Amino acid sequence: MPIVRFTQNIQRHVACPTREVAGITVRSVLEAYFADNAQARGYVLDDQGSLRKHMAAFIDGQQIRDRERLSDEVAPKAVVDVVQALSGG
Amino acid sequence: MPARFHVATRKGLFTVERGAARWSIARTHFLGDNCTLVLHDPRDGGLIAALDHGHFGVKLHHSRDQGATWKEIAAPAYPPKPEGYVPKMPAQGLPAEWSLKLVWALAAGGAKEPGVLWCGTQPGGLFRSEDGGESWSLNRALWDDPRREEWMGGGADSPGIHSICVDPRDAKHVVIAVSCGGVWGTRDGGRSWAIAGRGLRAEFMPPERQFDQNVQDVHLVVQCKAQPDAIWAQHHNGIFRSGDAGETFTEISGVKPSVFGFAVAVHPREPGTAWFVPAIKDEKRYPVDGRLVVTRTRDAGRSFDILSHGLPQEQAYDLVYRHALDVDATGDRLAFGSTTGSLWVSDDAGDSWQTVSLNLPPVYAVRFEKDG
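From first to last, the protein sequence lines stand for chains A and B.
Every number in this note's numbering is 74 more than the matching position in the first sequence, counting from 1.
Every number in this note's numbering is 24 more than the matching position in the second sequence, counting from 1.
Hints are computed from structural coordinates only; laboratory data are not their basis.
These numbers come from a predicted model, not from an experiment.
Using N, Cα and C, we set each Cβ at its ideal position, and we do this for glycine too.
For each label pair, taking beta carbons as the anchor points, the in silico distance ranges come out as:
| hint | chain 1 | residue 1 | chain 2 | residue 2 | range |
| --- | --- | --- | --- | --- | --- |
| 1 | A | Glu105 | B | Asp356 | 49 to 57 Å |
| 2 | B | Glu41 | A | Gln113 | 29 to 37 Å |
| 3 | B | Lys280 | A | Gln82 | 52 to 60 Å |
| 4 | B | Ala218 | A | Ser124 | 30 to 38 Å |
| 5 | B | Arg293 | A | Arg143 | 54 to 62 Å |
| 6 | A | Arg86 | B | Glu158 | 20 to 28 Å |
| 7 | A | Asn83 | B | Asp168 | 36 to 44 Å |
| 8 | A | Pro150 | B | Glu41 | 54 to 62 Å |
| 9 | B | Pro103 | A | Gln113 | 18 to 26 Å |
| 10 | B | Gly139 | A | Gln82 | 30 to 38 Å |
| 11 | A | Arg86 | B | Pro66 | 25 to 33 Å |
Some chain B residues close to chain A (C-beta under 10 Å, calculated; not the full set):
| hint | residue |
| --- | --- |
| 12 | Phe80 |
| 13 | Lys83 |
| 14 | Pro104 |
One chain only, chain A, in its complex shape:
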């Protein structure tokens, strides 16, 4: 199953330990993770279900392309990283 890892900075707001979860797209992987950690959802996704404007997600080091529908495919042994989008200075 894919592995999901979260930025250290989110941990002081809501604990998000690294976990293996089932899923074949970013959407299904994250929803599987949030099924057991509902509070984390609102820190990563906005109220329309899109990746928050200043968050970023990577699959095996490659930034995802579909931030709205989260339809990028996730391979069974992939690692999904959810981090802040560092923009500006």
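With chain A's structure known, arrange chain B on it following the hints.
The following block gives chain B in isolation, referenced to the frame of chain A:
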């Protein structure tokens, strides 16, 4: 009721109390986090703090023990934007966003409505909770009004609801104000809304639109608790007063040193008494001549006192945001905080001011604890 107020700032929430000799910061909360607003609920003494975590979004936290402990509660969430949604009347040629950007107003419901809270937001949604903030519902009657799509951002990218006045006589009567979208009212608890604010004037608009009620950039409206039909507005264009719960307003001009500002506070028992913190109109936005003053009227705007005792009178560049001035339940105590992190309090209705701090983060909101 203890002499205590709460200060929401760019880097946390501060609780300020009056000791034997002076006011001082008694407790801090959420240090380092952007606390954009605070509500003290007079019905149960609870506190609600709004935090904007930037990357992680807008959150609300609730405390039942004066801030000793906090629990995250639900943040208002916009419903899914309909597929293929095309706004009929988009202002600025842009479709409105359907996603929470900022909690800009928090108000307790009526005394006989335990658990009812109202929340105004950017980009313009009004939310109501009936369970103390555990869940929120978007007020669809207002959101679905096609005139709502004409609202514009006033400095911010999106329009927002920053003022919510719940009538102490009848909690189904609620008056709100929008920047930029004027003053609206409901008499049935939000089932239906009517635009109010006749007489408000937007000098910056084309002549034929200056009295258009739906374009008014009201910065804040406040309501006299004892006489709720008395409403004061600090508007982008100046100072306005209403004697009919916001249906109509009268412009009050010629106030020195300036009629421009963001904040206004009204005396809880004297509807003709109100305070303002003026600044240079309108792009520069710092105290006229670098002298920070509070203006006060006690005769419904016929005359104003300029109050400066205890406030910096040279090289002061403090701007006071719309929620950063408050008056307590007695009408004698006031406090305000500034963008440069200064905080002052008065025990004599503004005649003199004591400095609490000159070193706080930028201040967004000041709220006294008040009885229900």
